[in-house]
Amino acid sequence: MIIPLLKVTNLSKSYDNIVGCKNISMSLYPGEVLGIVGESGSGKTTLINCLSGNLEPDRGKIIFNINNKKTDFLNISESEKRKFIRTDLAFVHQNPRDGLRLNVSAGGNIGEKLMSVGYRHYGNIRSLATKWINKVEIDKSRIDDLPITFSGGMLQRLQIAKNLITSPNVIFMDEPTGGLDVSVQARVLDLIRSLVNELNLTVIIVSHDLAVIRLLADKMIVMKNGTVIESGLSDQVLEDPQQEYTQLLVSSVLHV
Amino acid sequence: MRKTNNVIKIKDFKVDKGLPFDQEYNFAYLDENTKKMIRRAIIKALCIPGYQVPFASREMPMPYGWGTGGVQVTASCLTKRDTLKIIDQGADDTTNAVSIRNFFKKTSNIKTTEITEKATLIQTRHRIPETPLKKKQIFVYQVPIPEPLAFLEPKVSETIKMHSLSEYGAMHVKLYEDISKNGHIETAYAYPVKTNDRYIMDPSPIPKFDNPKMNNSPAIQLFGAGREQRIYAIPPYTKVKSLDFEDYPFDPFKAEHACDICGSKNTYLDEIIVDDAGNKSFICSDTDFCNKRKNK
Chain A
1 MIIPLLKVTN
11 LSKSYDNIVG
21 CKNISMSLYP
31 GEVLGIVGES
41 GSGKTTLINC
51 LSGNLEPDRG
61 KIIFNINNKK
71 TDFLNISESE
81 KRKFIRTDLA
91 FVHQNPRDGL
101 RLNVSAGGNI
111 GEKLMSVGYR
121 HYGNIRSLAT
131 KWINKVEIDK
141 SRIDDLPITF
151 SGGMLQRLQI
161 AKNLITSPNV
171 IFMDEPTGGL
181 DVSVQARVLD
191 LIRSLVNELN
201 LTVIIVSHDL
211 AVIRLLADKM
221 IVMKNGTVIE
231 SGLSDQVLED
241 PQQEYTQLLV
251 SSVLHV
Chain X
1 MRKTNNVIKI
11 KDFKVDKGLP
21 FDQEYNFAYL
31 DENTKKMIRR
41 AIIKALCIPG
51 YQVPFASREM
61 PMPYGWGTGG
71 VQVTASCLTK
81 RDTLKIIDQG
91 ADDTTNAVSI
101 RNFFKKTSNI
111 KTTEITEKAT
121 LIQTRHRIPE
131 TPLKKKQIFV
141 YQVPIPEPLA
151 FLEPKVSETI
161 KMHSLSEYGA
171 MHVKLYEDIS
181 KNGHIETAYA
191 YPVKTNDRYI
201 MDPSPIPKFD
211 NPKMNNSPAI
221 QLFGAGREQR
231 IYAIPPYTKV
241 KSLDFEDYPF
251 DPFKAEHACD
261 ICGSKNTYLD
271 EIIVDDAGNK
281 SFICSDTDFC
291 NKRKNK
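Residue numbers (this note's numbering), protein chains in the order written: chain A, 1 to 256; chain X, 1 to 296.
Please note that a few of the clues may not be correct.
Dumping the calculated DMTMM-like pairs for lysine to aspartate or glutamate here, alpha-carbon to alpha-carbon at most 25 Å [to be verified]: (1) K161/X / D139/A; (2) K155/X / E78/A; (3) K174/X / D98/A; (4) K155/X / E39/A; (5) K106/X / D197/X; (6) K161/X / D58/A; (7) K174/X / D139/A; (8) K83/A / E24/X; (9) K194/X / E239/A.
What the hints contain is simulated information worked out from the structure, not anything from laboratory work.
If you're wondering where the values come from, they're calculated on a predicted model, not measured in any experiment.
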């Protein structure tokens, strides 16, 4: 039997009286891409923030099982938690400006991740950064340029490179193509898909765009009012939605 | 000014030059309670080398950026038996040095000197003297920005966390940027160091040439940042290591010249434009060291 990489049990988080997410249970297996969909305010971002350590949930359990080492994510010390987040997790923000240092060059941004896990050899950091700049289809002559000189799509690709360089075990993506125009979206999605296949990444991706989920996710969960109302293989959920809300969601996709 | 019980009266005093001693001030300007508070911060700072201790910095009769932090630390450490030396960029006769020296002459009437070996307490801006510091000397730095992580992380709550968890990886980003832009580590002053294998510390804007002098020094080194309200310290004989990369080791750079006055080849030099044609002269920044060498 395969042990899940991430097991969540009865996770709840509320903001005063407003429910963020309620009694969420789910598992994520190695190499799997899990999509989380739902309308705005349904608790997608609250859930992903709890799982990635950005938010402290009120109740529930989050257990990571990486290389046969169990980590009870909500019951470890602050320093262990930050170290775990640094080495084993990665977070791609919707707005790449949130995940990058804009006053530091592209290479410095990518290299920071390496330096934070202990790399102290400039030559090695430089060559790995160059390799990853290439991998996300940015010209390597741009390595010393500041991110403010980059286009929106390039910024997002740079952020992806920064997150993947240390080969994290779980990658969280919060609307990674949210702020981009359609043609750039397609290119970034294409890149994410090829990286997922090539590197066998384990990803949790949040999106309100069903096309993104259909393209990338193996499994998906549908959220409404802070709870999971439907889950399963993405093809299955999208082709044969059981819940009224999911049916509405699927039927409201524009076919141009 | 109203007299208080704290005012120390010294009847028999001599003033060599500068402003006359003013008995109306408490000894070394600050009141005794403030000194006590600052001494406590200093003791804590000495116990945790490189850790920035917050303190209730006072308004001083000089603008921020002119050494208000250093002056408060000096005032709190000063005793009547002390001999004080003040240096500014290595020199004893520049504006900042002269005015702070006069300030302490006026408010405490202690002996002052320009000779490094004779001083028991030295306050400095931007240099460590060429003459090695020795046991029982106190060396006070004026610090404009005490937080070495400020360049990367503007949130103080976050930098405090980074210090407490030793999350220093990002510190090398600055050095990385230097090498990628210039081919070598361009940072020439305020070069970050790791103190006692634990805290990353800003050594104040001394040239990196002086960084090795902090390592294992027999003197007590105190750092005061008035505007930022922080005191930190290096106790005697403490390991202080400058950050670097394995393939780009730390290099205490100096100009490739000898001093035009004393001929010294291994001291830190100031570059001075001497005429309208752009001719240059290189001279020791440490005036005391240079004068002694010249007179030998």
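Here's how the hints hold up against the structure:
1. K161/X / D139/A: Violated - the C-alpha atoms of D139/A and K161/X are around 36 Å apart, more than 25 Å.
2. K155/X / E78/A: With a Cα-Cα distance of about 18 Å, the restraint between K155/X and E78/A holds, given a limit of 25 Å.
3. K174/X / D98/A: holds, 19 Å
4. K155/X / E39/A: violated, 33 Å
5. K106/X / D197/X: violated, 41 Å
6. K161/X / D58/A: holds, 23 Å
7. K174/X / D139/A: Distance of about 23 Å is within 25 Å: holds.
8. K83/A / E24/X: violated, 57 Å
9. K194/X / E239/A: The hint is violated at about 59 Å.
Taken one by one, the earlier hints fail for this structure at numbers 1, 4, 5, 8, 9, listed in ascending order.
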